[in-house]
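Q: Below are the chains, spelled out letter by letter.
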Amino acid sequence: GENVEQHPSTLSVQEGDSAVIKCTYSDSASNYFPWYKQELGKRPQLIIDIRSNVGEKKDQRIAVTLNKTAKHFSLHITETQPEDSAVYFCAASKTGANNLFFGTGTRLTVIP
Amino acid sequence: DAMVIQNPRYQVTQFGKPVTLSCSQTLNHNVMYWYQQKSSQAPKLLFHYYDKDFNNEADTPDNFQSRRPNTSFCFLDIRSPGLGDAAMYLCATSIHSRPDTQYFGPGTRLTVL
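Going down the list, the protein sequences come from chains Y and W. Every letter in the first sequence is one number past the one before it in this note's numbering, and letter 100, counting from 1, is 100. Every letter in the second sequence is one number past the one before it in this note's numbering, and letter 17, counting from 1, is 17.
There's no promise every hint is true.
Stated by the list, open to error - Straight-line alpha carbon distances no greater than 35 Å define the calculated DSBU-like cross-link-like pairs of lysine-lysine that follow:
#1 W:Lys-44 with Y:Lys-57
#2 W:Lys-44 with Y:Lys-22
#3 W:Lys-44 with Y:Lys-94
#4 W:Lys-38 with Y:Lys-68
#5 Y:Lys-71 with W:Lys-38
#6 W:Lys-44 with Y:Lys-71
#7 W:Lys-44 with Y:Lys-58
#8 Y:Lys-22 with W:Lys-38
#9 W:Lys-44 with Y:Lys-68
#10 Y:Lys-42 with W:Lys-44
#11 Y:Lys-42 with W:Lys-38
#12 Y:Lys-58 with W:Lys-38
#13 Y:Lys-42 with W:Lys-17
#14 Y:Lys-42 with W:Lys-52
Keep in mind that the hints were calculated from the coordinates and are not lab data. Model, not experiment: these values are computed from the prediction.
Full structure from sequences and hints, please.
A: Structure representation (structure tokens):
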């Protein structure tokens with residue numbers, strides 16, 4: 001089965017700085033990679049996703065990059081704000097599968 | 001507008017006393033999932049329904065059961081809750097053409113006394 005590793009487990013940045021979270025996956029058939037943000041006590045919310053036919057996707061201050069050869073993908077948050085503080089989960093899935101394989105999460109703290 | 005609704009938001013039960021958690025959706029999605037999430041951990045898939053077809057994860061304990069009486073509703077039954085079953089239980093849905101894009105409900109936090 002798929003194995004998704006996520007680093008770092010905790011990340012603290014100053015407000016306005018950038019944050020980068022990295023994930024690797026093991027199944028070369030995986031072709032869908034979402035990122036979820038989960039604030040304390042709340043539901044995971046999809047913030048951005050990427051499919052394997054593209055290498056990069058941006059949405060305002062958030063971007064995701066995918067390297068299929070190396071089997072890793074990363075979340076980039078620029079100009080961080082205190083409201084970006086949350087736990088971020090990466091995940092991987094593949095066509096025909098209903099399972100999302102989650103990484104172990106990164107707790108991001110943005111210091112005002 | 002709420003799309004995936006879970007009730008109750010907080011549930012307290014006693015050790016060994018059966019409990020049922022509820023999920024409903026207004027999205028008309030084919031697939032409904034139940035996840036267990038313990039503190040500081042990733043959500044762990046327990047099982048999912050693709051329409052009426054039930055799919056159990058290999059490592060889901062027999063203590064956990066599910067029912068889906070119609071497209072909109074799905075229930076999680078815990079037959080004999082143990083202390084280790086205290087967790088947040090998340091329901092999610094997806095459409096059949098994009099089963100990978102999942103939408104989560106707000107969760108039910110279960111406490112076992």
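Q: Against this structure, judge whether each hint is valid.
A: Hint by hint, here is what the structure shows:
Our distance criterion of 35 Å between C-alpha atoms is met by W:Lys-44 and Y:Lys-57, whose separation comes to about 27 Å. Our distance criterion of 35 Å between C-alpha atoms is met by W:Lys-44 and Y:Lys-22, whose separation comes to about 20 Å. A distance of roughly 17 Å separates the Cα atoms of W:Lys-44 and Y:Lys-94; the hinted pair therefore holds under the 35 Å criterion. A C-alpha spacing of about 31 Å is found between W:Lys-38 and Y:Lys-68, which places the hinted pair at or below 35 Å, so the restraint holds.
In summary, the hint linking Y:Lys-71 to W:Lys-38 is supported, as the alpha carbons are separated by about 28 Å, within the 35 Å threshold. The hinted pair formed by W:Lys-44 and Y:Lys-71 meets the criterion: a straight-line CA distance of about 22 Å does not exceed 35 Å. For the hint pairing W:Lys-44 with Y:Lys-58, the CA-to-CA distance comes to about 28 Å; that is within 35 Å, so the pair holds. Taking the CA atoms of Y:Lys-22 and W:Lys-38, the gap is near 22 Å; set against the 35 Å cutoff, the hint holds.
For a cut-off of 35 Å, the pair hint linking W:Lys-44 to Y:Lys-68 stands: about 25 Å separates their Cα positions. Among the hinted pairs, Y:Lys-42 with W:Lys-44 is consistent with the structure: their alpha-carbon atoms are about 16 Å apart, no more than 35 Å. Between Y:Lys-42 and W:Lys-38 the alpha-carbon distance is near 13 Å, which keeps this suggested pair within the 35 Å criterion. Using a Cα cut-off of 35 Å, the hinted pair Y:Lys-58 and W:Lys-38 holds, with the two alpha carbons roughly 31 Å apart.
Only pairs whose Cα atoms come within 35 Å are accepted, and Y:Lys-42 paired with W:Lys-17 is accepted, the gap being roughly 26 Å. For a cut-off of 35 Å, the pair hint linking Y:Lys-42 to W:Lys-52 stands: about 28 Å separates their Cα positions.
The structure is consistent with each of the numbered hints, conforming to all of them.
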